[in-house]
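Throw the hints in and build the complete structure from the sequences for me.
Be aware that the first sequence starts at 1, since it is given in UniProt numbering, and climbs by one per residue.
What the hints contain is simulated information worked out from the structure, not anything from laboratory work. Idealized CB from N, CA, C, for every residue including glycine. Please note that the accuracy of each hint is not assured.
[Stated by the list, open to error] Taking CB as the label site, the calculated pair distances span:
hint : residue 1 : residue 2 : range
1    : 60        : 355       : 45 to 51 Å
2    : 52        : 437       : 55 to 61 Å
3    : 231       : 269       : 32 to 38 Å
4    : 477       : 383       : 50 to 56 Å
5    : 427       : 150       : 24 to 30 Å
6    : 185       : 398       : 27 to 33 Å
7    : 83        : 252       : 46 to 52 Å
8    : 437       : 531       : 29 to 35 Å
9    : 242       : 83        : 50 to 56 Å
10   : 470       : 242       : 39 to 45 Å
[Said to hold, decoys possible] No farther apart than 20 Å at their CA atoms in a straight line, the calculated lysine to any residue pairs in the SDA-like style are these:
hint : residue 1 : residue 2
11   : 181       : 228
12   : 72        : 6
13   : 210       : 301
14   : 25        : 493
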Amino acid sequence: MKYVNDFSVAIAEQLEGVLSEEDIKSIIEVPKFDQQGDLAFPCFVLAKKLKRSPVEIAQQLADQVHYPGFEKVVADGPYVNGFLNKQMVSRDVLTTVMTQDEEYGSYDFGKDHNIVIDFSSPNIAKPFSMGHLRSTVIGNSLAKIADKCGYSVVKVNHLGDWGTQFGKLIVAYKLWGDDDKIQADPIKELLELYVKFHEEAEKYHELESKAREWFSKLEAGDKEALNLWEWFKGESLKEFSKIYQLLNVEFDSYQGEAFYNDLMDETIEKLHQNGLVTTSEGAEVVNLDEYQLPPCLLRKSDGATLYATRDLTAAMYRYKTYQFEKSIYVVGHEQSLHFNQLKSVLEKGEYSWAEKLTHVPFGFILKDGKKMSTRKGKVVLLEQVIEDAIRMAKENIEDKNSNLQDKDEVAKMVGIGAIIFHDLKNERTSNVEFSLDDMLRFEGSTGPYVQYTHARAKSILRKSEVKSDTSGIEGLTDDYSWPVIKSIEKFPQIIVKAFEYYEPSQIAKYLIDLSRDFNKYYANVKILNDDEQLESRIALVRSVTIVLKEGLRLLGIKAPDNM
RNA sequence: GUCCCGGUAGCUCAGUAGGAUAGAGCAACAGCCUUCUAAGCUGUGGGUCGCAGGUUCGAAUCCUGCUCGGGACACCA
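Okay, here's the thing in structure tokens:
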């Protein structure tokens with residue numbers, strides 16, 4: 001923030017080169033407690049250099065530093081604490097936000113660069129699990145954040161539409177399948193077939209080899225196998241698109257694994273030319289000893305290609321097609337090794353863009369402390385959870401605001417907002433225990449809390465006569481508006497942080513903080529009071545709505561004006 | 001066995017370039033709606049930051065060892 005610059009310049013003036021302005025800037029921090037001021041300069045480093053007591057130095061600096069942007073500068077033990085001029089800063093911040101509106105916090109450092117984000121990527125013929133939800137909402141949010149930073153974003157849904165599971169499914173279908181049942185509820189039926197297959201396969205091992213047989217047929221282009229595959233895929237996509245519509249997620253490409261089938265030989269051939277491929281135990285592999293990694297398998301001893309081959313092919317295809325600056329994979333953290341191998345193979349092959357690949361892992365959703373397993377049918381269906389959330393949101397509306405218009409529309413925004421926010425508020429990499437109660441909570445640090453804060457603020461704006469105009473903003477000096485102002489001022493930095501760490505949770509946490517600050521303000525200050533600061537207070541409220549709405553948008557959540 | 005994550009309040013988690021007195025939400029208890037939406041606000045209780053060393057003026061944060069939990073480790077994706 002620019003006030004850090006001002007502070008470091010003011011301090012640098014007094015130090016006569018003992019520390020550079022850059023150094024000072026990097027030392028400056030935000031005090032832990034409000035009463036300690038807005039910016040602090042700890043004097044420990046200086047004490048060492050000057051061989052004097054830090055307390056003494058702080059005292060001297062505090063007496064000498066003067067800058068019109070500060071109300072006062074005081075020494076507090078070994079710290080020099082600066083108190084910003086509230087009137088001036090608040091006027092600046094509010095004017096900026098209202099002028100820039102939804103562009104506030106936007107950057108253009110990503111201009112003219114493409115980012116490919118691979119996310120969601122559900123498996124065909126399997127239900128859309130909570131795990132896929134994580135990939136979907138994280139990826140979707142990262143796409144919006146990257147766009148906010150100026151990048152051109154390509155959102156890729158790398159569908160799991162190929163692999164031996166289709167062999168299993170075909171076998172199961174032929175043995176126990178019922179067309180009518182599948183038509184009626186495809187995902188559920190296909191899942192049951194899949195689960196049944198694994199149950200039966202434990203007793204009758206020949207099922208496994210039958211499945212491999214059918215998958216080979218599929219790869220060879222067998223008519224019957226292909227038709228079944230098309231059918232399963234079509235039904236699955238119908239189901240998925242329902243969910244994407246609810247979550248308001250869109251993709252630029254649905255090129256899944258099957259798309260790369262014809263390019264696989266070419267990939268292996270290229271790697272051969274680079275001299276990377278060796279044969280081991282009948283399989284074609286790339287040795288990665290120098291990276292301290294196990295070898296990467298490209299082709300099984302029976303001639304079939306593997307997951308790694310497909311991902312290598314996809315990476316090459318994407319680089320050729322999009323010339324990406326970054327290629328991000330939002331995939332569960334259990335696949336870290338796979339992506340390390342992927343990157344290492346490309347590095348070894350001297351593909352200069354290998355370093356542009358980034359695996360953005362996330363922890364999984366646990367059930368009773370363990371990973372959920374599709375094979376055993378131990379999954380919680382996302383669609384069910386979404387329905388529950390919307391229904392509960394509706395009940396809340398009937399209960400608290402039954403005169404509301406568009407109840408169903410708002411219930412949808414709130415219910416889904418709760419689910420998405422719940423998923424994004426925690427650090428990506430931590431595993432989370434599945435808890436329906438937590439997901440459907442609308443109080444405390446939740447999406448609906450932020451939405452509610454936004455709706456209250458909007459409600460005030462509807463009641464005020466003040467025009468959306470910056471000329472009357474004089475600035476605010478009270479204690480309750482100050483945390484709100486400082487919070488609003490931080491928004492642009494939060495976006496950069498969220499982008500650099502690939503962490504939407506940074507934004508989610510920020511929105512909770514801002515909402516809390518604003519709710520305190522709301523509870524303690526009469527906003528619609530006709531005095532000379534009315535326009536400034538309204539500007540504050542308006543700025544809060546702008547930031548909350550934009551922040552929620554970056555998470556993929558809608559902000560109703562009324563709830 | 002090797003490698004990668006993680007262990008902070010009863011529960012879920014913040015604390016990301018080492019800094020002042022350890023922070024929220026939930027749950028529990030006690031308050032606040034004739035005034036801008038109570039999905040809110042205010043207060044109370046609750047902690048050997050997994051354990052032990054080390055580096056430092058200063059460690060929840062960095063290093064080492066141990067321990068517990070999860071994950072990955074060649075023909076699945």
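To see whether the hints hold, each was checked on the structure:
1. 60 <-> 355: 45 to 51 Å: holds (48 Å)
2. 52 <-> 437: 55 to 61 Å: At roughly 57 Å between Cβ atoms, residue 437 and residue 52 fall inside 55 to 61 Å, so the hint holds.
3. 231 <-> 269: 32 to 38 Å: Holds - the Cβ-Cβ distance for residue 231 and residue 269, about 33 Å, lies within 32 to 38 Å.
4. 477 <-> 383: 50 to 56 Å: holds (51 Å)
5. 427 <-> 150: 24 to 30 Å: Given range 24 to 30 Å: holds, Cβ gap about 26 Å.
6. 185 <-> 398: 27 to 33 Å: holds (30 Å)
7. 83 <-> 252: 46 to 52 Å: holds (49 Å)
8. 437 <-> 531: 29 to 35 Å: Violated, at about 45 Å.
9. 242 <-> 83: 50 to 56 Å: holds (54 Å)
10. 470 <-> 242: 39 to 45 Å: holds (44 Å)
11. 181 <-> 228: holds (15 Å)
12. 72 <-> 6: holds (14 Å)
13. 210 <-> 301: holds (18 Å)
14. 25 <-> 493: holds (15 Å)
Hint violations for this structure: number 8 only, all remaining hints satisfied.
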